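Student: Chains Y and A are the protein sequences, given in the same order. Start counting the first sequence at 1; every next residue gets the next number (this note's numbering). Start counting the second sequence at 1; every next residue gets the next number (this note's numbering).
Treat the hints loosely; a few may be bogus.
[What the hints assert, rightly or not] Stretches of chain Y that chain A covers, calculated by requiring three or more beta carbons in the stretch to come under 8 Å of a beta carbon on chain A:
| # | region |
| --- | --- |
| 1 | 84-91 |
| 2 | 107-114 |
| 3 | 130-139 |
| 4 | 206-216 |
| 5 | 259-266 |
What the hints contain is simulated information worked out from the structure, not anything from laboratory work. All figures in this text were calculated on a predicted structure; none of them were measured in a lab. Heads up, the beta-carbon is just placed ideally off N, CA and C, and yes, glycines get one too.
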Amino acid sequence: MLKKRLIPIILIKNGLLVQSKNFQFHQQLGHPIETVRRLSEWCSDEIIYLDITRDNNYYTGREDHKYKNFDSFLSIIKELAKITFMPITLGGKIKNLYDVEQRFKYGADKVCLNSAPYKDLKIIYQIAKEFGSQALVISVDVRLIGNEYVIFHENGNLKSKYKLKEWLKIIRDNGAGEVLIKSMDRDGQKRGQDLNLIKIVDKECKIPVITAGGTGKWEDFCEVFNETNVSAVAASNIFHHSDQSMYDAKKYLYKKKFSVRKPELISIIKK
Amino acid sequence: MTIAILNFGSGNLNSVYNMIDYLGFDCKITNDESIINTSTHIILPGVGSYEGLMSKIKKNDIDLLHEQIHVKKKPFLGICIGMQILSTTGNEFGKHKGLNWVGGNVSKIESDKLPHIGWNNIIIKRNSIPTKNLDDESSFYFANSHHFRPKNSNHVVAETFYELSFCSIIEKENIFGVQFHPEISQKAGELLLNNFLNIKC
Numbered sequence: 001m002l003k004k005r006l007i008p009i010i011l012i013k014n015g016l017l018v019q020s021k022n023f024q025f026h027q028q029l030g031h032p033i034e035t036v037r038r039l040s041e042w043c044s045d046e047i048i049y050l051d052i053t054r055d056n057n058y059y060t061g062r063e064d065h066k067y068k069n070f071d072s073f074l075s076i077i078k079e080l081a082k083i084t085f086m087p088i089t090l091g092g093k094i095k096n097l098y099d100v101e102q103r104f105k106y107g108a109d110k111v112c113l114n115s116a117p118y119k120d121l122k123i124i125y126q127i128a129k130e131f132g133s134q135a136l137v138i139s140v141d142v143r144l145i146g147n148e149y150v151i152f153h154e155n156g157n158l159k160s161k162y163k164l165k166e167w168l169k170i171i172r173d174n175g176a177g178e179v180l181i182k183s184m185d186r187d188g189q190k191r192g193q194d195l196n197l198i199k200i201v202d203k204e205c206k207i208p209v210i211t212a213g214g215t216g217k218w219e220d221f222c223e224v225f226n227e228t229n230v231s232a233v234a235a236s237n238i239f240h241h242s243d244q245s246m247y248d249a250k251k252y253l254y255k256k257k258f259s260v261r262k263p264e265l266i267s268i269i270k271k
Numbered sequence: 001m002t003i004a005i006l007n008f009g010s011g012n013l014n015s016v017y018n019m020i021d022y023l024g025f026d027c028k029i030t031n032d033e034s035i036i037n038t039s040t041h042i043i044l045p046g047v048g049s050y051e052g053l054m055s056k057i058k059k060n061d062i063d064l065l066h067e068q069i070h071v072k073k074k075p076f077l078g079i080c081i082g083m084q085i086l087s088t089t090g091n092e093f094g095k096h097k098g099l100n101w102v103g104g105n106v107s108k109i110e111s112d113k114l115p116h117i118g119w120n121n122i123i124i125k126r127n128s129i130p131t132k133n134l135d136d137e138s139s140f141y142f143a144n145s146h147h148f149r150p151k152n153s154n155h156v157v158a159e160t161f162y163e164l165s166f167c168s169i170i171e172k173e174n175i176f177g178v179q180f181h182p183e184i185s186q187k188a189g190e191l192l193l194n195n196f197l198n199i200k201c
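Please work from the sequences and hints to get the whole structure.
Tutor: Here it is in structure tokens:
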């Protein structure tokens, strides 16, 4: 039986792991390598890395980070791929097929796109044809305005001309393999995921759906799996706050008879 | 004593390399005839589509592989699409001929939700080398919309359920194939690859 997945999202900004609130405030948590090693040892189902470094950088964070530029983001990934034997999805700053190819070369199993298809739809079909649909996740950032769910691109800064349902259909028809739905309103709010939004997306999508935004406790995952048919739940902040977080989350769901992979702990020692 | 990871695509071959390297075996991502000739085991990772992969394997590659697999009887493992193209025909973006090393065809899974992506368990149908120390709770990472239907049910080692039971591990003499990705399936994947890599040629 196909298992429900729990996916940590690793937000990387200027080479450092950060946590996010409302798509605007990013607090530094340190170097990603140790975090990822731990998530790996706690048998995470997969990992999504999003590089959210922005061009017009305004933050005045500490300057002791080793990895500053774009190439180095990929070189971190290359190192991480040697210690994480699980699917790796890379997102952020992907503009064309060359960027996609680079990411596969550095160890990605899937790529995640948000803004590029909005500018040029062809890229979805091109990636699907060359690398297969299963290697392509389209992330859709959504904010509730009035009583309408509105899509945003460019790190949440640009309002889309497409309606939510319309966009979901377009990306599927062009060959996307999975959809990552992020609720911007719930980002970092810890009050549970936006079930209304997830229900709409779940009903509309004929490809696997991953949902993110708002998880404050493990029960929030149960709610999503109980009330919708989505394939996976993703979260960022909550997985950074406790030791063995991923193991605990799985254990919690496994005990409640959710169809998740059996919780396990392993040690990763390079021979 | 090298394990040859065949390089016929533009996808992620490094994850196979990383896992085998981690397990302590010497391996190379290669197309080089002399390396393939002296290799002990051959792995064909699956990237792209059925037709895409078949179109990259040229006549002389097939001759070389034929000699390695069918004459020298080296252990061979096809992963995902690398397993699917062992079939007689495939039906992805039209009908295409496969390598026909294991009789059968590949067709689309009938489901409202595809691709079949994520961790799923295997249901072991018979004893075999690659499934040693694995059981029906062993889960692997899958990413497929199509499934292999071998003509001879004896070639089916394990099945997996998604809308229907489909073949997830095949074995025919020294030829093995897995529909999932052991290289990114953590402990279960390590066990399976270790079993395969410890087969003596």
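Student: For each hint, tell me whether it holds in the structure or not.
Tutor: Tested hints:
no. : hint    : result
1   : 84-91   : holds (count 4)
2   : 107-114 : holds (count 3)
3   : 130-139 : holds (count 6)
4   : 206-216 : holds (count 3)
5   : 259-266 : holds (count 4)
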